[in-house]
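These are the residues of each chain, in order.
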Amino acid sequence: MSVVRIPPTLRTDTGGEREVIAQGDTVRDLLDDLTARFPTLDGKLEYANVYVDGEDIRTRDGFKTPVTAGDTVILLPAMAGGC
Amino acid sequence: MATSSETSTVSLREAADLLGGDALFLDVREQGEWDLGHVPEAVHIPLGVLEDRVADELPNREREVVVYCAHGRRSLAALATLRSLGYERSRHLSDGFEEWEKSGFPVVVPSTLEPDQRRRYSRHLLIPEIGEAGQRRLLESSVLLIGAGGLGSPASLYLAAAGVGTLGIVDDDVVDESNLQRQIAHSTHRLGDPKVESARDTLTGLNPDVNVKTFNERLSSENIDRILAEGWDVIVDGADNFPTRYLVNDASVWHGIPVVHGSIYRFEGQATVFQPGEGPCYRCLFPTPPPPELAPSCAEGGVLGVLPGVIGSLQANETIKLVAGIGEPLIGRLLLFDALSTTFTEVSLRRDPDCPVCGEHPTVTEYIDYAEFCAAR
Chain Y
0 MSVVRIPPTL
10 RTDTGGEREV
20 IAQGDTVRDL
30 LDDLTARFPT
40 LDGKLEYANV
50 YVDGEDIRTR
60 DGFKTPVTAG
70 DTVILLPAMA
80 GGC
Chain W
0 MATSSETSTV
10 SLREAADLLG
20 GDALFLDVRE
30 QGEWDLGHVP
40 EAVHIPLGVL
50 EDRVADELPN
60 REREVVVYCA
70 HGRRSLAALA
80 TLRSLGYERS
90 RHLSDGFEEW
100 EKSGFPVVVP
110 STLEPDQRRR
120 YSRHLLIPEI
130 GEAGQRRLLE
140 SSVLLIGAGG
150 LGSPASLYLA
160 AAGVGTLGIV
170 DDDVVDESNL
180 QRQIAHSTHR
190 LGDPKVESAR
200 DTLTGLNPDV
210 NVKTFNERLS
220 SENIDRILAE
230 GWDVIVDGAD
240 NFPTRYLVND
250 ASVWHGIPVV
260 HGSIYRFEGQ
270 ATVFQPGEGP
280 CYRCLFPTPP
290 PPELAPSCAE
300 GGVLGVLPGV
310 IGSLQANETI
320 KLVAGIGEPL
330 IGRLLLFDAL
340 STTFTEVSLR
350 RDPDCPVCGE
360 HPTVTEYIDY
370 AEFCAAR
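Protein sequences appear in the order of chains Y and W.
Quick note: the first sequence uses numbering that gives the first Met the number 0, first residue 0, plus one each step.
Quick note: the second sequence uses numbering that gives the first Met the number 0, first residue 0, plus one each step.
Just chain Y, with the same shape it has in the complex (with noise of 0.2 angstroms):
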């Protein structure tokens, strides 16, 4: 169990919550668990970056990376603005 927090262009998916908690001992499990619960996600989460405890998943094991419990994992679509 895992809080990940929502991006604001996502959060329309999670009806406006900016953390939600997912279940999974992998990051692919946990964003299983997102779709499965909130099923307007499925084909954005591949535009964001993943962190897990501060670290790009792309420099740890991809969607395999560990998610232990407490962890804080972030999602991150880049952001045009600068308006």
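Read the hints as simulated data drawn from the structure, not as lab findings.
This structure is a prediction, so every number in the text was calculated from the model and none was measured.
Please note: incorrect hints may appear among the correct ones.
[Stated by the list, open to error] Covered stretches of chain Y, as calculated for chain W (at least 3 residues, CB under 8 angstroms): (1) 50 to 60; (2) 64 to 77.
[Unchecked claim] Pair ranges (Cβ atoms, derived): (3) W:G191 - Y:T11: 22 to 28 angstroms; (4) Y:R59 - W:S340: 25 to 31 angstroms; (5) Y:P65 - W:E139: 47 to 53 angstroms; (6) W:G130 - Y:E45: 45 to 51 angstroms.
By construction, the Cβ of each residue, glycine as well, lies at the ideal position given by its N, Cα and C atoms.
Chain W: place on chain Y using the hints.
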């Protein structure tokens, strides 16, 4: 007049003992040598104008004078001039200033800041990490701002106030009423004017030391090399669209210019520094742009007015650090700010060895069609 060496020369040690007393130290070197350092409280009259100016500077011919130059040759000539003019108690430092400095005797470096600059930047000059050397670096630096909008406004205001000598601004937009909720470089009486003109007025009004170069054009593959060729120490990226972000990234990698990145949406912002060769680039962070429907702009989704103030000020802070060569810039670190919870979170960024632009085997080596690259996703 005879000048025996015993009565006409003074050793380093003897001269040092005379410091702070009645003796006057006279430096006859050239301006450029003087500017690099001299004996404390010395009077400067270059040898070439000594005869013309000495009477004004040294009305008392009875006063003890120690004349010096770099190695003791010009001071010997100066000594002859002084004695011929009646300065009987003059002697010269035969070992010269270079030996003086090498031996660790006191040296002062004169200020190269104007008195009004000393007043304006006094709060910087008081900070040891900046001081006069750091302020000089700021005054001699050139920073290019991409965008004179939400991020560019506070960033440019603080950089101008800090005394960054040259500020370039690229923006092809005009001031609109909807900008004024956050774009603090512009004003109501500037509605409809080009943003670069409005910003220039505001910035030079704040600090006339700053030379503002305006580029009233949209940054593109066609004009970016011309604009970057003007020579910039740092780029501040406050663009409002992905094609420009990727264009700025690729150009900065190829030109070797660090980019201070900021982006904002609603209550949340990001800031980092992309330093070519040292840390990751924008493509290492975001290899592919999201589809437009997943990346709405502030114009579509809105933005809290003060948010660009926070992120743009962080960008100014990083820029000043890079220019002054102090502190630890946000290289390889992405700082996330949430205005609603008032929290900063940091995540680490790594350089991607497979990055198409800054990686070990780059596959993108010239400008691409950025609009297509960003729309195709």
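>> Name the hints, by number, that the structure is in violation of.
In response: Result: hint 3 breaks, nothing else.
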